[in-house]
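As they're listed, the protein sequences go chains A and B.
First residue of the first sequence? That's 0 in numbering that gives the first Met the number 0, and the numbers climb one at a time after it.
First residue of the second sequence? That's 0 in numbering that gives the first Met the number 0, and the numbers climb one at a time after it.
Quick caveat, the hints were computed from the structure, so don't treat them as lab data.
C-beta: ideal position from N, C-alpha, C; glycine also.
One should not assume that every hint holds.
Unchecked claim - List time: in silico DSS-like cross-link candidates among lysine-lysine, alpha-carbon distance up to 30 Å:
#1 K409/B / K98/A
#2 K481/B / K103/B
#3 K98/A / K357/B
#4 K103/B / K40/B
#5 K25/A / K158/B
#6 K25/A / K40/B
#7 K158/B / K409/B
#8 K40/B / K98/A
#9 K357/B / K373/B
#10 K98/A / K356/B
#11 K275/B / K373/B
#12 K158/B / K40/B
To be verified - So, partial list: chain B residues that the calculated Cβ filter (under 10 Å) puts toward chain A:
#13 N33
#14 A34
#15 F35
#16 V144
#17 S145
#18 G151
#19 F167
#20 P237
#21 Q241
#22 R305
Unchecked claim - If you want a taste of the chain B side facing chain A, the calculated C-beta under 10 Å gives, among others:
#23 N10
#24 V11
#25 Y147
#26 R154
#27 Q156
#28 K158
#29 K165
#30 Y166
#31 G175
#32 L364
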Amino acid sequence: MISVNYFLVLSAILFSLGVFGVLTRKNSIVVFMCIELMLNAVNLTFIALSRHLGNMDGQVFVLFVMAVAAAEAAVGLALMITFFRNRESLDIDDANTLKW
Amino acid sequence: MENLVQIAIQNVNIDAILPSLVLCSFGMVLLLMNAFMPRGKSTPAAWFSLVAIIVTGIVSLAAWNKPEFGFFGGVALDNYATFFNIIFLVAAGLTILMSDDYLKREGYPVGEFYTLILFATAGSMVMASGTNLMMIFLGLEILSVSLYVLAGFFRNQTKSNEAGLKYFLLGAFSTGFLLYGIALLYGVTGTFDLARMGEFVSANPEAISNPMAVAGLMLLSTGFLFKIAAAPFHMWTPDTYQGAPTPITAFMSAGPKAAAFAGFIRILILGLGSMKAEWTSLLWIIAVLTMIVGNVIAIYQTDIKRTLAYSSIAHAGYALVGIVAANEIGVSGILFYMLAYTFMNLGAFAVLVLVGKKGEENLTLDGFAGFGYKRPWLAIAMVIFLFSLMGIPPTAGFAGKFYIFAGAVKAGYIWLAVIGVLNSAVSLYYYLRIMVAMYFKAPTEEFEWIKMSAPVVASIVIAVVGVLYMGILPGGVISLAKNALF
Chain A
0 MISVNYFLVL SAILFSLGVF GVLTRKNSIV VFMCIELMLN AVNLTFIALS
50 RHLGNMDGQV FVLFVMAVAA AEAAVGLALM ITFFRNRESL DIDDANTLKW
Chain B
0 MENLVQIAIQ NVNIDAILPS LVLCSFGMVL LLMNAFMPRG KSTPAAWFSL
50 VAIIVTGIVS LAAWNKPEFG FFGGVALDNY ATFFNIIFLV AAGLTILMSD
100 DYLKREGYPV GEFYTLILFA TAGSMVMASG TNLMMIFLGL EILSVSLYVL
150 AGFFRNQTKS NEAGLKYFLL GAFSTGFLLY GIALLYGVTG TFDLARMGEF
200 VSANPEAISN PMAVAGLMLL STGFLFKIAA APFHMWTPDT YQGAPTPITA
250 FMSAGPKAAA FAGFIRILIL GLGSMKAEWT SLLWIIAVLT MIVGNVIAIY
300 QTDIKRTLAY SSIAHAGYAL VGIVAANEIG VSGILFYMLA YTFMNLGAFA
350 VLVLVGKKGE ENLTLDGFAG FGYKRPWLAI AMVIFLFSLM GIPPTAGFAG
400 KFYIFAGAVK AGYIWLAVIG VLNSAVSLYY YLRIMVAMYF KAPTEEFEWI
450 KMSAPVVASI VIAVVGVLYM GILPGGVISL AKNALF
């Protein structure tokens, strides 16, 4: 019997890896993949807790999160394409026309 | 089986989501209409979306004092939701009025612009009426996904691309934190329903000191504080506000910000009311930091759109003071202030829409030099909006700040109120600078490009009337706001 704590620790590690990736990587697509990693870490937390609590709500939430993540991916990739067309680059360091 | 269906139908209660349903239906019809319209004609779409806003406004107002609950306790169309719905509709309506000529000038007369505004408004409504974390999350995402597109709407302008991309990446990043917070709170309380969550936490006081609950609260707050542009999560705001199309900047600073406040207040007071000591001590610091960061950095800006972006950060700080107070006058003060801010900020941006030129290189202080003599009426309207943003009587901004700071003093946060008032004094500098440019500087060039167009002027007039009415006779609106508390 694997206790829920293992799943929570695993998802916390995955979430931290995602955050670390967002903060350190330079390519917008890789940054976006790290964000997806964060969302999926959260999904794992939801499923594990749902199983632990014997309550289906958490699993339903995961379906919503996946639908929302798909919508976000569609919009986000479209934004990256328009950015690439004007700049020939996806490096977030090139997003530098606006600064204080 | 039949019993189950019966229970489901009774619990769904379509009336509870009627305003957002009506608005979404109009949005979808408009989406279809756009497919059959000739390219380059967006005016019919603008009028259609204006009709949608007015019809939804009537439907929303009909729900005042007649609360509807549905979706197994997930949605509550109470007075609180209705009050916020009106704020969102005012913001969307004024945005649509000022958009049409702007889109033509910039060369993007595309009807989808209005569809996205309608969907973003519907998302805000879902957020304000959600009493379940799942519902609030969904509303937030409907809103955010529409706004990501709107911020990057001018797809051939590098500034707009950049605004959209930055908003998207940081917005999705903060969504991750918000979701993790929701997951941890679910782990502690076993429910997403705010009322049941509140009961659980007050029945099990040991849950308050559970590190999982505290971490959940922090992560959830991070997600919301990002959306309301509170420091230190404000980094996206100036870039996105500067690069996005001007009407969208106006819209983002009023409607979605109010939506985030609506959801945040509902979660904190209804769901986590027993953890008040934890979240007030957190938000106290955030509120002070937000006010100081917004006002101090605004002083160093030369671009007016960017100055207003920092000023909107500062205004989020003032509104957070009301959440920290968390009493009747503080929270109803936030409701009042959000409506007041919608009028004054959208009015100021409508003036910017008129003053800007194609490509918008004209939004520095020099662009306003001599404005007061060349376009006296427009300049007077701008002065009224700036006075209101400063918080000088008899404008709506003064009344709003008065109620919020009165709430803070009543709750015993005297130092917080003092810091807020001192920050308002700092803000005089950068607002007055715009007025000085308007009245005491010789114009560098002529103002031939300013064409007064009826819809934009209508939005400015509505905003002036709103600001002055709420400033001179605040009693009516504040008593409505007090009725709106749940």
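Here is how each hint holds up against the structure:
1. K409/B / K98/A: 40 Å, violated
2. K481/B / K103/B: Violated, at about 42 Å.
3. K98/A / K357/B: 21 Å, holds
4. K103/B / K40/B: Holds: K103/B and K40/B sit about 9 Å apart, inside 30 Å.
5. K25/A / K158/B: Judged against 30 Å, a Cα distance of about 19 Å means the pair holds.
6. K25/A / K40/B: 40 Å, violated
7. K158/B / K409/B: Violated, because 45 Å separates the two Cα atoms, which is more than 30 Å.
8. K40/B / K98/A: 34 Å, violated
9. K357/B / K373/B: It holds: about 20 Å lies between the C-alpha atoms, which stays within 30 Å.
10. K98/A / K356/B: 21 Å, holds
11. K275/B / K373/B: 53 Å, violated
12. K158/B / K40/B: 24 Å, holds
13. N33: 17 Å, violated
14. A34: 18 Å, violated
15. F35: 23 Å, violated
16. V144: Given a least distance of 5 Å, the restraint on V144/B holds.
17. S145: For S145/B, the interface hint holds, since the closest Cβ of chain A sits about 9 Å away, which is under 10 Å.
18. G151: 5 Å, holds
19. F167: F167/B check passes; min Cβ-Cβ to chain A is 5 Å, inside 10 Å.
20. P237: This hint holds: P237/B lies near chain A, its Cβ roughly 6 Å from the closest one there, short of 10 Å.
21. Q241: 5 Å, holds
22. R305: Because about 7 Å separates R305/B from the closest Cβ in chain A, which is inside the 10 Å limit, the hint holds.
23. N10: 15 Å, violated
24. V11: Violated, because the Cβ-Cβ distance from V11/B to chain A comes to roughly 15 Å (cut-off 10 Å).
25. Y147: 5 Å, holds
26. R154: Holds, about 4 Å.
27. Q156: With a closest approach of 8 Å, the Q156/B hint holds.
28. K158: With Cβ-Cβ at 6 Å, under 10 Å, it holds.
29. K165: 6 Å, holds
30. Y166: At about 9 Å, which falls below the 10 Å cut-off, the nearest Cβ of chain A leaves the hint on Y166/B intact, so it holds.
31. G175: 4 Å, holds
32. L364: This hint is violated: L364/B lies away from chain A, its Cβ roughly 16 Å from the closest one there, beyond 10 Å.
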